[in-house]
Amino acid sequence: MTTAPTRPSAPAKRTFTAAASDYLNDRTGLAVAIKGLGRKAFPDHWSFLLGEVALFSFVLVLLSGTFLTFFFQASQAEVHYDGSYVPLKGVEMSVAMASTLDISFDIRGGLFIRQMHHWAALLFVAAIGLHMLRVFFTGAFRKPREINWVFGFTLFVLAMAEGFTGYSLPDDLLSGNGLRIIDGMVKGMPVIGTWTSFLLFGGEFPGTAIVGRLYTLHILLLPALVVALVAIHVGYVFIHKHTQFAGPGRQPTNSVGPPILPIYAAKAGGFMFIIFGVISLIAALFTINPIWNYGPYDPSPVSAGTQPDWYIGFADGALRLIPPGWEFVWLDRTWSFNILVPLIGIGLFLVLVVSYPFIEAWVKGDKREHHIADRPRNAPTRTAIGAAGVTFYAGLWAAASSDILATHFSLTMEGVIHALQAVVIIGPFIAYFLAKRVCIALEKKDREIVLHGYESGRIVKLPGGEFIEVHQPLDEFDRWRLVSYESYAPLMLRPNARGKITFGQQLRAGFSRWFFEDRIAPVTRGELEASHSTHHEVTQSEQH
Amino acid sequence: MNRSKRRTGRRHPLATVALLALGLVFTGGAYAAISSGTAAQAEAKPTSQETIEEGKKLFQANCATCHGLEAQGTANGPGLIGVGAAAVDFQVGTGRMPMQMQGPQAQQKPPQFTDEQVKQLAYYVASLGPGPDIPADHLVNGGGDAANGAELFRINCAMCHNVAGAGGALTEGKFAPPLTNVSGVHAYEAMVTGPQNMPVFNDLNISPEDKRDIITYLKYVQDNRSPGGFELGSLGPVAEGLFIWIFGLGAIVAVTIWITAKSN
Amino acid sequence: MAQDDHSGTELAAADSSHAEQEFAGSTGTAVIPHDGFTNPGFEPHRPRVTDEDPKREKRAQRTVYTLFYLSILGSVWAIAAYMLFPIEGNDVGAVRLNNMFIGFGVTLALLGIGFGAVHWGKSLMTSPESIDIRHPIGGTEATKQGAVEVFREADEESGFTRRSVIRNSLIAALLALPIPAVVLFRGLAPQDQLPVELLSHTMWAKGTRLTLDPSGVPIRASDVTIGSAFHVIPEGLAELEQGRLEEKAKAAVLLMRLEPSELNPAPGRESWAYDGIVAYSKICTHVGCPVALYEQHTHHLLCPCHQSQFDVSNNCEVIFGPAKRPLPQLPIAVDDEGYLIAQSDFTEPVGPSFWERN
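Residue numbers (the working numbering), protein chains in the order written: chain A, 18 to 561; chain B, 15 to 278; chain C, 457 to 814.
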């Protein structure tokens, strides 16, 4: 707005824009924000967009969900269905189920919005999961982002809760049996179980209150929490500025990438529409949650292949993997370890996930801010721990489809369950070992490349008759990508001022050894020069 | 026998209650005791001695190894006296018999005999002792009440065969087969005879009209594709979850790679 | 953390530019090599084809606006599809077409904008990469000191530390406050009922007839042929005005007939079956799914939710899966008219275990 108008006709128009923006700015102070944020850099890497996938799926979930609330009625009053779907005509069902069927069969485009809502919800949680894995494996949870990891984790849990409450709303046979399982799990909890179930369902299961209660949670309390936490979570991304991978010119003290305005805005804005578009295409072509097949909830029937949506699968799988007999009567009370062990196991797993950044920070004792994302190979122990966690989760997850695995791969269901019990217990150790070895091997390969260059594919014959492959040295930019990573040594125990080694220090030293004892240090200048002197001969002999 | 009286009861357009009452009045306790709650419902077709003779030859050539020359049963196969024509029509007509090998359950395969040969075998076995007959056409043509059928299907069938008839797992490698391609006749015969480990659903449990309604529902599901689009095998949330991870998230990750790739 | 400082003795400090001074902090066990490589700085900027070739630029421009126009077309098509594909005549196929064609229109509208905008950003927008300088999240020392000072002053002015009686009584009051809120939630469940009482009884009573689910037609013993499985509810359940599903969730029963010789009744239960006919609760003792996958030859009952297996010939004891307790058995008999009746209610609570169960 500083350029002077050159044509007489231009000023009127320009002045209007300027006046309008002045008007807004004088009342909102937006200019400060735009000046501060507009040219902020957003580092470019495909994996940095995964959080946006979650965010934009959530936006679509909110939009489509709002549409659905105009038609859905969260009541368990009994009615006789008289909508368009022939095989349910005249069947007694709850108003919730009937109104969901009406959305599907009697409102044009209603099924489309319903399917978008459900598919977007599945994508929402999946994207959160993948985003968390990205943050974990690149160490993007290190100082100053530990707290934002906790917010993100909380969002993951809230998203699962959102999903489960939504899944239960139509009051169909599948979701009713899902609630039945929740009821059974709640009842299995010591001391509080029976009463918790009684309060949750407003009396005996299934009662007529649960859909209304879940609806309040699903459309009011949980979304409010999610929106608030999303705002905080994304706000902190602005405050912290995004991490970036090591690269030429990238410093721990800068952040390099396309500016928010205009390129990032165009890409991210466009990306939002692409995500909406992909979900919309899926919703147009693929059935999800065909409640018309399941029919209304009735405590007597059940369908083969009854499972929760994918994100609750790991909990359902954990229940399936418990061997027979883990329940006892002791002190005149029932101790349902077949329910407690999965609950506690999953609880511990989640606590480990949320507290991992603090554990790693304590082990390292590194108080600096970290803004350069690790390549997973350069933190072998963390990557291996992650691989073990993923295997554990995947084992539980697969167990939730044990019956489908059995029928589709012509196995026995007992065999599948026994195999998955082994996967959940032994699998993490194997995954840990493999991942660690692979990381270290890759680090060694990186060192080789830095020291001796790429294999060029060109074979030359030495005067002595020996064949060798010529190695192409790296340029300084590529070299920087391979050598600029943090490396940690195991902690050396030293007595403190009072001449004692505390238990805490011993523990920390133990962890530190576990994490870092077989570390591979990045190549230094000295090492490169040393290797060059040996290389020199080869290069010279090439001349002959 | 009281076959004709049973038929009268069936034709009567009365509700299940009335039907059962009638059926019970006419049949009596002794009748039920010999597992003939499922006794022939179809009109007794004039089966000539010739058909039975042909069936006997086929039986002795193809079935006698396991089931015995007189269908009395051996160590390898059960006796077939009294199983009725329906059982044979189902087992042979769907290719389950002759079995290829002993296993947890007979597998469905392309039938080995022509329809005529299947009928000959069926009537030969039916001639050995009374049992459920092949159902009449009007019971299996899908002309019943799909809503009643769907409800009965959910209560009696869905726990093994899945609400959409996609099939499901049983113990020790056995499974309830998908019903997506089953014919009305075979579905009916399966209900009355209880093949393999399937329980028997005799006419006092699920009346012939109710069976017709169940078949009507099955046909409705077979004939009408899901309004939402492709069904992903009707396997429920597992298929949906896999789909969103592999294709949904897969497609979107591909897009992220395109978005962040350096443009040339 | 004094122990960590050993790393400094053998290794030089990190490259100490001004900016990094700001980020000072313990390096913990990090190893900072004294002869590490230095950052070579940015790579030379590579121009895109659209920067150099005006023809390519024109083409990219055409692609972008074509995509945006396609998006408009998609929106128009979605509206047209709404009108062209009504849902009529109870036809599932019409719903399918309506869903699919509205969906295609919306998809085109969304993807047109999306791909157009991204393509615009990638090939035509000209901004080079921005470089932001990071500042320590905690702010400068002065800021930190300032914040501490504010708290100190506030504390002094209010006397929050000094007047400990006031402070502690406030904390106590705040802790007590949520308790009434928790108590109010007691109203979530009926005040005049107790869960353990309700869980311990079902509709079954001496003489209640076994009837078919869902029709409520009573069942005679002679109806139940060998190999049959009947899904059963107590007589009168279908007519209940209130609490039908709650009662059904406890009272659902599976009725099966085996050869009497195949049953091995537990001591005291010899009279609970009738001529090989047995009735067991359908509600799984694990977490409550209906267990009704009955295999008539193996006599196994399977729960489709968590794969618990029960052996009907052996009092429905668990042979596989996470359940512990056998399915409760309903003792049955036959009345004067030949109908199956319950001898009594279940002798134990049905369904999933709960704390007060013993």
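One or more hints might be untrue.
Claimed, not checked - Below, in silico cross-link-like pairs of lysine to aspartate or glutamate (DMTMM-like), each with a Cα-Cα straight-line distance of 20 Å or less:
1. Lys276(B) / Asp792(C)
2. Lys662(C) / Asp507(C)
3. Lys57(A) / Asp792(C)
4. Lys52(A) / Asp588(C)
5. Lys276(B) / Glu508(C)
6. Lys462(A) / Glu472(A)
7. Lys258(A) / Asp588(C)
8. Lys478(A) / Asp492(A)
9. Lys258(A) / Glu508(C)
The set of hints was computed from the structure by calculation and includes no laboratory data.
It should be emphasised that the depicted structure is a prediction, and the values quoted were computed from it without experimental measurement.
Evaluated hints:
no.: 1; hint: Lys276(B) / Asp792(C); in the structure: 87 Å, violated
no.: 2; hint: Lys662(C) / Asp507(C); in the structure: 90 Å, violated
no.: 3; hint: Lys57(A) / Asp792(C); in the structure: 88 Å, violated
no.: 4; hint: Lys52(A) / Asp588(C); in the structure: 13 Å, holds
no.: 5; hint: Lys276(B) / Glu508(C); in the structure: 15 Å, holds
no.: 6; hint: Lys462(A) / Glu472(A); in the structure: 12 Å, holds
no.: 7; hint: Lys258(A) / Asp588(C); in the structure: 9 Å, holds
no.: 8; hint: Lys478(A) / Asp492(A); in the structure: 25 Å, violated
no.: 9; hint: Lys258(A) / Glu508(C); in the structure: 33 Å, violated
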